[in-house]
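The task is to assemble the complex, starting from two chains supplied on their own in separate frames and drawing on the hints.
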Amino acid sequence: MFSFDSLSVLFLGLIFLGVIPNLFYMSGYLSHIKRKTYFLINYFAFIASMIGVVLSNEVMSFLFFWELMSLTSWQLILTEPTQSNLKAARFYFFMTHFGFVFILLFFLLLSGNNLFSDFSSLKEAAFNFKYPTLLFFLMTIGFLSKAGAVPLHVWLPYAHPAAPSPVSALMSGVMLKVAIYAFLRFIFILPSWQIEWGIVILVVGALSALVGVLYALSEHDIKALLANHSVENIGIILIGIGVGMIFTTLKLPLLAAFAFIAAVYHTFNHMSFKSLLFMSAGSVLHETHTKNIEKYGGLIKNMPITAFMFLIAAISISALPPTNGFLSEWMIFQSMLNSSGINELSLKLFFPFAIFALALTGGLAIACFVKAFGITFLGLYRSTNAKHAKEVNILMQTGQILMAGVVISLMLFLPFVIKFINSALPIENIYSKIFPNIWVMHSISHNGGAVSPLLLLGGLIVVSALILVFYKSLNIKKRISHTWACGYNTSAKSQYSATGFAGPIRRFFGWLYRPEVHTHTQTLAGHKTKFSSSLYEVHVKPLFEKSLYEGTKKAVNIIAYYVYRLSHFEKVKYEALIFNLIILVLFSYRVFYHAISWGNILLEIIIMAVFVKILIIGDKK
Amino acid sequence: MIDYILTVLLVFMISPFLVGLIKSFKMFMLFKRPVSPFQPYVDFMKLIKKEVIYSKESSVITKIAPFMILSPIIVVVFLLPPIFHGSFYISFMDAFTITGLLSLSTFFLMLLGLDSASAFGGIGSSREAFIAALVEPAMILTVFTISLIANNIGVGEAALNLSFHFPIHHAASFILAGIAFFILLIAENGRIPVDNPETHLELTMVHEAMILDRSGPDLALIETAGALKFGVFASLFVTLFLPFGANLCWCLAVSVFVLKLVFVSLVVGWIEINTAKLRLFKVPNLLGIAIIFGFLSLVIYYILGA
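Protein chains in written order, with my numbering: chain A, 1 to 621; chain B, 622 to 927.
The shape of chain B in the complex, shown without the other chains (with noise of 0.2 angstroms):
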């Protein structure tokens, strides 16, 4: 239990340091002087210390969608697998579920960005409802996959299964839907090249078009919402396709966690500094190769059983 709460914790605690991670890590291959990885902590605390403005033509669902964004993922987050053999987790839940959830977040966050009648907000939402219908299906394909090929559905079983008995006949499927995984990764987050974090410019924007007249503490939540989010995702891609490590002793398996989620967090960064932004209208391509991938894997998985 007390493994279990620490586990969260540090899912908690460790999510915006890689979000500042990236951050700083591009800045750093791009010779600027770093900031701190440790950015996203100084920033929530100086936000949650402004005030709050609400547009005139807002109404009450921008005052919901705030904790509405926040806590499914919240709720998420005490649904991921365990690290290493022996935390205690609620194991029944599965990907369905996770997937689900992510979404309930994400229709109010859409909601959110309508609701002010700014044209930015539209255009955020619009976006992130295209990108999100496209989504959706990468994601069920790809968690299906997995849970045929760990032969369980809930995350928290398959992960184990995984990680002790490797069923290595199926590598092919799993490395395809590892793939599509990646790319529902880097989509779901709004990096480069899907939607670029860093700007404010109406072309790129897709995320920071719903949130732009959000404030103080609602935008902390906001941004807490989708450093959790890239937390959630990480920590999935990790123990559910880089299987390892989970049944070395606790210390060892959640410093591998730990080191798995950077090694992450440093590969997202480099295909941003190393990609540019697509086109709206080419990010169905990218997507695209998400679901064929995780369509193939599945059909692999079903005909030839590989």
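If we strip away everything but chain A, and leave its shape as in the complex, we get (with noise of 0.2 angstroms):
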């Protein structure tokens, strides 16, 4: 039932990264909650629900759990049911059981009739299959609207922000990077993965990058914000994946090892620096009581721990140097530099694109976080909560230190976490190609870069001790006054909010975005140029969420009105309409499990066709 084969070990160490500290952090925000037996019976379950998916080793026990983990943390979502919690978590038990069918799908198919079969028994059945594409494309429905790729991403920045925030940091953290297991795990089951595949994860991933950080750079809920990043570093992790794929389909396996490990260093990586930013983020809302970011403002003064830790995870997701969030894209951007000796014309079109695609998130990312802590933490206060506001309690701080400290040991024991990925996934072994030493990593290219995290974290502090040296030698004067605005006196309402922040960012995406604006103006006495007060207010409502999921709510109603119509016919069409499905059925059965040709599928679709004008829709009156 169990097994402890070395992929599931490594995902049980990240689970256990992320939970760990978690523990902390939610004992001390238990006094936040309300009904604490509910969610303390949920909070367990879901962790050994996460637990026992990463180690199950057969389908039945796999599923269970994979629905445990849906069902506790759909109730998590509900600790607190204020009404937008409750639409929420209706759209979250929708959508996983809208993967859910597809992942039984996929599972069916495979295991025959036996659902107790073993993982190794499946990877048989695999290789017998005929369709392998059609198992691929179950299973990546499946497991990523789990994890949150586009275009079934829209449940996440709703679902994930509404959970009290220790869950939301193991929903985002853990609970994301246990669907990148599933996938992870069943991928290497399938045999002969085609081209198109890997070019499909990388699109898609490609795609959820910057869908992610565009809709988090407009987005005023700091959860969401920090959701809809989870969707952006879901991507990044994916393009990893999808690259790892193509190189694998190449016949490049050195190439494919290194683009994996990049991409599984990058699942161990977000969950380390996602999990403290909803810890942080989650102190901050535990002394505001406001999701809303417009409302915060200086609250480094009062909660300098929370400040600290909010700005090296900020630092971490924004990939900057020499942090580990960098170290991983670092090595996604280098295995994609690989691929310039290919001889595949799509290849070379997709490559750019996804390169394209990663180097602009890269910089909107940035651009999210220097508003998402400038905003929260620097400035002025823009409320009385945010003015009250106080260090949280002794054991959320122990949880986002313990954090900081995973983000930070990833970083700097790069060897080591590289070694165990190396090891626990069936690639190549490359590990000594990457580090010959261990000071320095390389790419596995032989024109390849190089990249060391000591020395850049020893250079700036070295180089930031001797400018402090020089610094305090001036013997300089301080002094703390006024500095000049303007004339006026600086206010909370003078300085610039979040919405002003993105301004620029906003209206040069305007075409993707579609903001409606609400401005509203109270004019004295009728002078236009004269008001007592103004509101200028933005909301982004999601594309994919207007389109595609508001346009399936449509063409749904628009079914539902013909199948209503068909329910008052008389008996005859009825009969007609079983006969019809009975041959679809029995076509089905045929394409699927016995060979067949083109030339009969195509004469049973106009059989079929001939059958449903006939019978069904009849002459027209």
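Since the hints were derived computationally from the structure, they do not count as laboratory data.
Because the structure is a prediction, the values reported are computed rather than measured.
Beta carbons: idealized from backbone N, C-alpha and C, even for Gly.
Careful: at least some of the hints might be erroneous.
Here are the computed lysine-lysine pairs in the DSS-like style, where the Cα-Cα straight-line distance is at most 30 angstroms [said to hold, decoys possible]:
{"hint": "1", "chain 1": "A", "residue 1": "K295", "chain 2": "A", "residue 2": "K493"}
{"hint": "2", "chain 1": "A", "residue 1": "K472", "chain 2": "B", "residue 2": "K671"}
{"hint": "3", "chain 1": "A", "residue 1": "K477", "chain 2": "B", "residue 2": "K684"}
{"hint": "4", "chain 1": "A", "residue 1": "K472", "chain 2": "B", "residue 2": "K667"}
{"hint": "5", "chain 1": "A", "residue 1": "K493", "chain 2": "A", "residue 2": "K291"}
{"hint": "6", "chain 1": "B", "residue 1": "K684", "chain 2": "A", "residue 2": "K387"}
{"hint": "7", "chain 1": "A", "residue 1": "K301", "chain 2": "B", "residue 2": "K671"}
{"hint": "8", "chain 1": "A", "residue 1": "K295", "chain 2": "A", "residue 2": "K87"}
{"hint": "9", "chain 1": "B", "residue 1": "K684", "chain 2": "A", "residue 2": "K478"}
{"hint": "10", "chain 1": "A", "residue 1": "K613", "chain 2": "A", "residue 2": "K554"}
{"hint": "11", "chain 1": "B", "residue 1": "K903", "chain 2": "A", "residue 2": "K541"}
{"hint": "12", "chain 1": "A", "residue 1": "K291", "chain 2": "A", "residue 2": "K301"}
{"hint": "13", "chain 1": "A", "residue 1": "K291", "chain 2": "B", "residue 2": "K677"}
{"hint": "14", "chain 1": "A", "residue 1": "K295", "chain 2": "B", "residue 2": "K677"}
{"hint": "15", "chain 1": "A", "residue 1": "K295", "chain 2": "A", "residue 2": "K36"}
{"hint": "16", "chain 1": "A", "residue 1": "K493", "chain 2": "B", "residue 2": "K903"}
{"hint": "17", "chain 1": "A", "residue 1": "K472", "chain 2": "B", "residue 2": "K684"}
{"hint": "18", "chain 1": "B", "residue 1": "K677", "chain 2": "A", "residue 2": "K478"}
{"hint": "19", "chain 1": "A", "residue 1": "K493", "chain 2": "B", "residue 2": "K677"}
{"hint": "20", "chain 1": "B", "residue 1": "K671", "chain 2": "A", "residue 2": "K478"}
If you want a taste of the chain A side facing chain B, the calculated C-beta under 8 angstroms gives, among others [to be verified]:
{"hint": "21", "residue": "K348"}
{"hint": "22", "residue": "L360"}
{"hint": "23", "residue": "G362"}
{"hint": "24", "residue": "G363"}
{"hint": "25", "residue": "I366"}
{"hint": "26", "residue": "F373"}
{"hint": "27", "residue": "G379"}
{"hint": "28", "residue": "L460"}
{"hint": "29", "residue": "K477"}
{"hint": "30", "residue": "K478"}
{"hint": "31", "residue": "S481"}
{"hint": "32", "residue": "S494"}
{"hint": "33", "residue": "G503"}
{"hint": "34", "residue": "F508"}
Encoded structure:
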């Protein structure tokens, strides 16, 4: 039922790294939660189910723990059953089971009649299965809808922020990684990868990265901002996996191994800094009782430790050297750089696109985290709650500091992490090529680059220390005073807001955002230029939600209307309908289980169409 | 080793001179009486003697930011390509690391702008975030292409490869990447037409707006960082995109390098007197050209191999 093979153990390690600091944080946060027993039962069941998923070795227990993971997280979203949380939970429940259907189909097709078969027998079944592409798509939709890849990501910015902060940290930090684990586990089961699969994953990854960061920038709710960044980082991980799959199909095992290691290393990194960001944001939320970033400001003075932890995570997620986020993005760039010698025209178009998407994502992520950190922690407080905020209790601080320790050790102990990841995945062993010595990380190709986090960190520290010595030797007089603000007093309202900060970018990407702008001005005695109060609000509704999801809703409504009309047919037409369904089932069975030719399929489609036309639609009146 | 240290020192010492040179060249061309090109050194000595005034609203970020702005750029100076063959250099760092370190510096600069709760700082940070977000992809695409053309990702090896056997069959993508990089040089260093380093008018400021509240030695550190950043970009440009002269004997190579730097500064100055500053929302058009040229050069390299 359970097995401790190396991939499971690797992700078990990831779960423990994510969960242990979270336990401290959760016990500090617990006083904030009203329904404590309910919360605790679900919280521990959630953790246990994630561990169960990565350890299970047979279909039934995997599905059981997977479903348990979905249900407990769904219950955790409902810890505070407000109206918006209910909506988010319903959306989450629907989407997670939408994905589950595909996972179930995948296993039903693969395991034959025995749902208790273990994964090694699945491998043989997959080898004998006639349509591996079908399996690939079922698996991709199933697992990536849980991981939050475009276009199945829309639930994520609603569901993750709705849960209490420790749970948000677990969901974004760990649960998404369990989905990545499942994807990796079963992609290696499938035989004979096609090159198109890798391209699909690469394009989905590139789109997720861009879409995630763009919507994060326009977000005012700090937890939704972080949730959108999860979409972005899942995209970056998928770019790595996609590149690895492409190189595998091109028979370049060393390069593929490098890309897979980069992807899994980024999985670890994202777990660490995203958990830390959610914990810090949760602490801010705990003190100010609002998720609206426009109501924060100046919190670094009252909450220095939280602010500092947020800063570490923000630097890391923005992929700035020498942090771990930079190192994994560097590895992904390096693996794409190896693609120059390939003779495949489709790849020559997709690689520049992916490079461009990843580079633009990096730039926008920096802007987004300057906004998130700057508006939240710097400047003047924008509400009385922010003014009276205090540093959170010692348990929550401990949780954050432990997680920051994880972030920093993932950077410092890079060689060991890479070695562990390399031995866990079913790929070539390239550790000794990446690390000829443990100080410098090399790219896998012969003319590749190299980076040394320790040297960079050391260089930065030494240089800063030298400047500090020089600075101290000047014996500077320091004074705290008013600085010039155009002759006005500096007040909370005169400083920049988050909406204003993202203004230029929102305007530049206006074709994508299509923001709804609400302005409201009270004029004084009819003078347009004089006003007592004015209000400017911008709302951005994600394009995918507007087009894909609401479009689907409309289509379902239209179909439902025709089904409704069908239900008023006479008996004969019902019989015709049943007859058609039987034919459809028989034909589908033929298509899936027997060798077929395209001619046969075409013939069957024509027969179906004729029956439908004659028996159901009938003559026009 | 001694060559290496002298090279690094050369870049350190010449960067403020280049910035001063642009200024005096511009004044000369506009028929004003030019200031000395050594004015930035005088300013530096003057600033470090003054007192520092912190804004009442500022926090610890204001105190650490000047160090965090300057130190990544100093680290970058140590990673620059060699200017003549045989000079010792830290060969293994690549252009991504350099881009990342420059972004780290910009990151703290933007935080500094938001820290003092002044609307000016916010203006500057917001605009800088906008410009930096568009500069980043162009920069990555350009360095990506140039490392592919040079057949090595480390900037040191890449510069030497380009200098010793220039891949003439990749000239098309090389030229496009060069143009893109030059636009980046202008945009990243806040020169006209992206930003005007000389005004303090809220409509036009980007870089100056963020550091408006800084004074004394803090300002000196940030100004030094700005000058060094120009030096870094100029020397990257001349070693990667004007790759000649490195195979001469060291004295000639150094003087060719300095002449090329002066040439780049004069071209930047010449562009400044001939163009007006762009409106902020027109800046993406210019940076879009850089992105498109970077993208084109990559696509040309990939598909045509030219």
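Results of checking the hints against the structure:
1. Of the supplied pair hints, the one linking K295(A) and K493(A) holds, its CA atoms being roughly 11 angstroms apart against a limit of 30 angstroms.
2. Annotation: proposed proximity of K472(A) to K671(B) holds, straight-line Cα distance about 13 angstroms (limit 30 angstroms).
3. Of the pairs offered as hints, the one joining K477(A) and K684(B) holds, with about 14 angstroms between alpha carbons and a cut-off of 30 angstroms not exceeded.
4. Taking the CA atoms of K472(A) and K667(B), the gap is near 17 angstroms; set against the 30 angstroms cutoff, the hint holds.
5. As the CA atoms of K493(A) and K291(A) are separated by approximately 19 angstroms, the hinted pair is consistent with the 30 angstroms bound.
6. Pair hint K684(B) plus K387(A) holds up; C-alpha atoms about 22 angstroms apart against a cutoff of 30 angstroms.
7. Our distance criterion of 30 angstroms between C-alpha atoms is met by K301(A) and K671(B), whose separation comes to about 27 angstroms.
8. This hinted pair checks out: K295(A) and K87(A) have alpha carbons roughly 24 angstroms apart, not beyond 30 angstroms.
9. Of the supplied pair hints, the one linking K684(B) and K478(A) holds, its CA atoms being roughly 11 angstroms apart against a limit of 30 angstroms.
10. As the CA atoms of K613(A) and K554(A) are separated by approximately 25 angstroms, the hinted pair is consistent with the 30 angstroms bound.
11. Among the hinted pairs, K903(B) with K541(A) is consistent with the structure: their alpha-carbon atoms are about 26 angstroms apart, no more than 30 angstroms.
12. Distance hint between K291(A) and K301(A) is fulfilled; the C-alpha atoms sit about 19 angstroms from each other, no more than 30 angstroms.
13. As the CA atoms of K291(A) and K677(B) are separated by approximately 27 angstroms, the hinted pair is consistent with the 30 angstroms bound.
14. A distance of roughly 20 angstroms separates the Cα atoms of K295(A) and K677(B); the hinted pair therefore holds under the 30 angstroms criterion.
15. A C-alpha spacing of about 28 angstroms is found between K295(A) and K36(A), which places the hinted pair at or below 30 angstroms, so the restraint holds.
16. With a CA separation close to 28 angstroms, the supplied pair K493(A) and K903(B) stays within the 30 angstroms bound.
17. For a cut-off of 30 angstroms, the pair hint linking K472(A) to K684(B) stands: about 13 angstroms separates their Cα positions.
18. This hinted pair checks out: K677(B) and K478(A) have alpha carbons roughly 12 angstroms apart, not beyond 30 angstroms.
19. Taking the CA atoms of K493(A) and K677(B), the gap is about 16 angstroms. The hint holds against a cut of 30 angstroms.
20. The suggested pairing of K671(B) with K478(A) holds, with an alpha-carbon distance near 9 angstroms, which does not exceed 30 angstroms.
21. Nearest Cβ of chain B to the Cβ of K348(A): about 4 angstroms, under the 8 angstroms cut. The hint holds.
22. About 4 angstroms separates the beta-carbon of L360(A) from the nearest beta-carbon of chain B, less than 8 angstroms, and the hint is met.
23. Contact between G362(A) and chain B, as hinted, is supported at the beta carbon level, the nearest pair being about 5 angstroms apart and thus within 8 angstroms.
24. Annotation: interface hint on G363(A) holds; nearest CB of chain B at approximately 3 angstroms, less than 8 angstroms.
25. Nearest Cβ of chain B to the Cβ of I366(A): about 6 angstroms, under the 8 angstroms cut. The hint holds.
26. With its C-beta approaching chain B no nearer than about 7 angstroms, F373(A) sits inside the 8 angstroms limit, and its interface hint holds.
27. At a threshold of 8 angstroms, the smallest CB-CB gap from G379(A) to chain B is about 4 angstroms, leaving the interface hint in force.
28. Because the beta carbon of L460(A) sits about 5 angstroms from the nearest beta carbon in chain B, less than 8 angstroms, this interface hint is met.
29. Given hint, K477(A) at the interface with chain B, holds; its Cβ is 4 angstroms from that chain's nearest Cβ, closer than 8 angstroms.
30. Hint status for K478(A): holds, given a least beta-carbon distance of 5 angstroms to chain B, under 8 angstroms.
31. The interface hint given for S481(A) holds, since its Cβ lies 5 angstroms from the closest Cβ of chain B, which is under the 8 angstroms cut-off.
32. Hint on S494(A) holds. Least Cβ distance to chain B is approximately 5 angstroms, under the 8 angstroms limit.
33. Look at G503(A): its Cβ gets to within about 6 angstroms of chain B, closer than 8 angstroms, so that hint holds up.
34. Taking 8 angstroms as the C-beta cut-off, the interface hint given for F508(A) holds, the closest approach to chain B being about 6 angstroms.
Violation of the numbered hints given earlier is absent; every hint is satisfied by the structure.
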